[in-house]
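Q: Each chain, written out:
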Amino acid sequence: MRLLTHNMLSSNIRGVVNGFPLGIEAEKVVEREVELSAEFLRGVFPKIEWGALVAGARALGHPDLLPGEADASMLASDDFLRRFHRALLQLHVEEGALVCPETGRRFPINKGIPNMLLHEDEV
Amino acid sequence: MAKLQRGEGEGGDLEKLRKGIAESYDESTGAWEELFGEYIHRGFYDTPSAAPGAAPLTALDHRRAQLRMIDEALAFAGVSEDPEKKPKKILDVGCGIGGDTLCLAKKYGAQCIGINLSPVQVKRAQELAQAEGLADKVSFEEADALNQPFPDGQFDLVWSLESGEHMPDKEKFFSEMARVAAPGATIILVTWCHRDLSPDEESLRPDEMKLLNKISDAHLLPAWCSAADYASFAKSLKLEDIRRADWSENVAPFWSAAVQSGMTWRGIISLLKSGWKTIKTALAVSLLIEGYNKKVIKYNIITCRKPK
Numbered sequence: 001m002r003l004l005t006h007n008m009l010s011s012n013i014r015g016v017v018n019g020f021p022l023g024i025e026a027e028k029v030v031e032r033e034v035e036l037s038a039e040f041l042r043g044v045f046p047k048i049e050w051g052a053l054v055a056g057a058r059a060l061g062h063p064d065l066l067p068g069e070a071d072a073s074m075l076a077s078d079d080f081l082r083r084f085h086r087a088l089l090q091l092h093v094e095e096g097a098l099v100c101p102e103t104g105r106r107f108p109i110n111k112g113i114p115n116m117l118l119h120e121d122e123v
Numbered sequence: 001m002a003k004l005q006r007g008e009g010e011g012g013d014l015e016k017l018r019k020g021i022a023e024s025y026d027e028s029t030g031a032w033e034e035l036f037g038e039y040i041h042r043g044f045y046d047t048p049s050a051a052p053g054a055a056p057l058t059a060l061d062h063r064r065a066q067l068r069m070i071d072e073a074l075a076f077a078g079v080s081e082d083p084e085k086k087p088k089k090i091l092d093v094g095c096g097i098g099g100d101t102l103c104l105a106k107k108y109g110a111q112c113i114g115i116n117l118s119p120v121q122v123k124r125a126q127e128l129a130q131a132e133g134l135a136d137k138v139s140f141e142e143a144d145a146l147n148q149p150f151p152d153g154q155f156d157l158v159w160s161l162e163s164g165e166h167m168p169d170k171e172k173f174f175s176e177m178a179r180v181a182a183p184g185a186t187i188i189l190v191t192w193c194h195r196d197l198s199p200d201e202e203s204l205r206p207d208e209m210k211l212l213n214k215i216s217d218a219h220l221l222p223a224w225c226s227a228a229d230y231a232s233f234a235k236s237l238k239l240e241d242i243r244r245a246d247w248s249e250n251v252a253p254f255w256s257a258a259v260q261s262g263m264t265w266r267g268i269i270s271l272l273k274s275g276w277k278t279i280k281t282a283l284a285v286s287l288l289i290e291g292y293n294k295k296v297i298k299y300n301i302i303t304c305r306k307p308k
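Chains F and S, in that order, are what the protein sequence lines are.
Each step along the first sequence adds one to the number in the working numbering, with nothing skipped, and position 27 is 27.
Each step along the second sequence adds one to the number in the working numbering, with nothing skipped, and position 97 is 97.
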């Protein structure tokens with residue numbers, strides 16, 4: 001699971017008011033290189049919850065990878081694009097869990113795939 | 001408004017149903033992929049399908065028809081290809097092994113997510129995404145269409161092609177799709193429904209219900225509603241530009257593909273290797289054909305837009 005995906009997932013357990021962003025317990029993180037597309041990054045930037053991305057990068061062992069805040073003007077910088085690209089697309093949580101911020105409920109990640117299925121008493 | 005018709009498959013608890021569906025697809029996905037490729041849905045054909053004396057449809061024809069189904073659904077809903085207006089974030093609900101998800105990612109250059117109950121299929125979908133070099137644009141999660149793990153208003157296009165049949169609560173299923181759709185987004189649902197009821201009918205006839213129950217039981221299809229029911233869910237959710245059509249005749253030629261493939265040695269061996277559940281499902285195709293011929297079940301497309 002990449003942080004791009006993490007940026008789109010939330011906990012919808014019944015009764016939870018704000019299930020986003022999910023915490024990340026990263027047990028196994030792998031980095032896979034993928035080609036950088038400035039166009040893609042510029043296109044996706046407005047839809048990214050930056051705080052969640054920063055927290056994600058920290059949870060994956062890269063606390064200094066991203067600036068605490070970002071705005072679109074930074075997309076002109078190659079260094080920023082590389083960091084953004086790396087955080088968003090290259091870091092993969094292979095094993096671990098996503099954690100509901102309100103209930104602490106863990107959604108396991110196995111072989112890079114998060115299991116977001118709720119139990120019957122959670123719906 | 002028509003009452004929802006419940007098949008015999010319903011009645012167990014939610015987890016049992018989900019597990020049943022997941023296991024069924026876990027078990028059969030290999031056979032299906034071998035027989036039909038990565039699109040776990042019917043093809044779209046012109047009607048009348050073939051002139052007398054025309055050559056029978058080949059596997060390649062059926063595959064083209066499957067791709068055509070995707071295009072026809074997008075065209076029907078009026079999804080724009082204009083770079084400013086095209087969808088940038090797409091959700092595939094009940095994504096199978098990601099055939100459609102990958103196709104949509106390629107078509108629009110969009111970021112796509114597919115959700116599915118079957119861990120085997122999700123894993124396979126990831127493999128295919130990787131193989132096609134789309135792993136940066138497309139991701140897959142094990143998740144329930146009835147309780148989607150997304151905040152509201154995320155996606156520009158919400159897509160469900162032949163997965164709605166498995167949803168035990170059609171209204172919840174539809175409202176989840178509407179919830180995660182962004183303002184201005186398009187929702188596309190292509191699914192088997194039972195026929196619309198006429199104004200003086202409260203339910204299907206007993207003989208029709210009997211057939212529907214038999215179909216449901218064989219296929220883990222816990223509930224049925226009509227296309228009119230979906231349209232009225234859309235209306236009650238204040239969705240706009242509600243369109244629907246009956247494509248039953250446009251998918252009819254796919255039956256012969258299903259039966260033909262099943263009858264080849266490759267098909268039979270594939271089925272036998274998959275296990276009893278898969279064999280049972282394959283035999284139940286004849287029930288589906290019966291339901292189709294008797295006009296009890298229809299292949300429908302329902303599309304709409306979330307207001308801006």
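Heads up, a few of these hints could be off.
[Claimed, not checked] Pairs of lysine-lysine residues, derived as BS3-like cross-links and limited to a Cα-Cα distance of at most 30 Å, are as follows:
| # | chain 1 | residue 1 | chain 2 | residue 2 |
| --- | --- | --- | --- | --- |
| 1 | S | 298 | F | 47 |
| 2 | S | 107 | F | 47 |
| 3 | S | 86 | S | 273 |
| 4 | S | 294 | S | 308 |
| 5 | S | 19 | F | 47 |
| 6 | S | 106 | F | 111 |
| 7 | S | 19 | F | 111 |
| 8 | S | 89 | F | 111 |
| 9 | S | 106 | F | 47 |
| 10 | S | 89 | S | 106 |
| 11 | F | 28 | S | 235 |
| 12 | S | 172 | F | 47 |
| 13 | S | 88 | F | 111 |
What the hints contain is simulated information worked out from the structure, not anything from laboratory work.
Since the structure is predicted, the reported quantities are computational estimates derived from the model, not experimental observations.
Q: Enumerate the violated hints, using their earlier numbering and listing them in ascending order.
A: Per hint list: 1, 3, 4, 5 and 11 violated.
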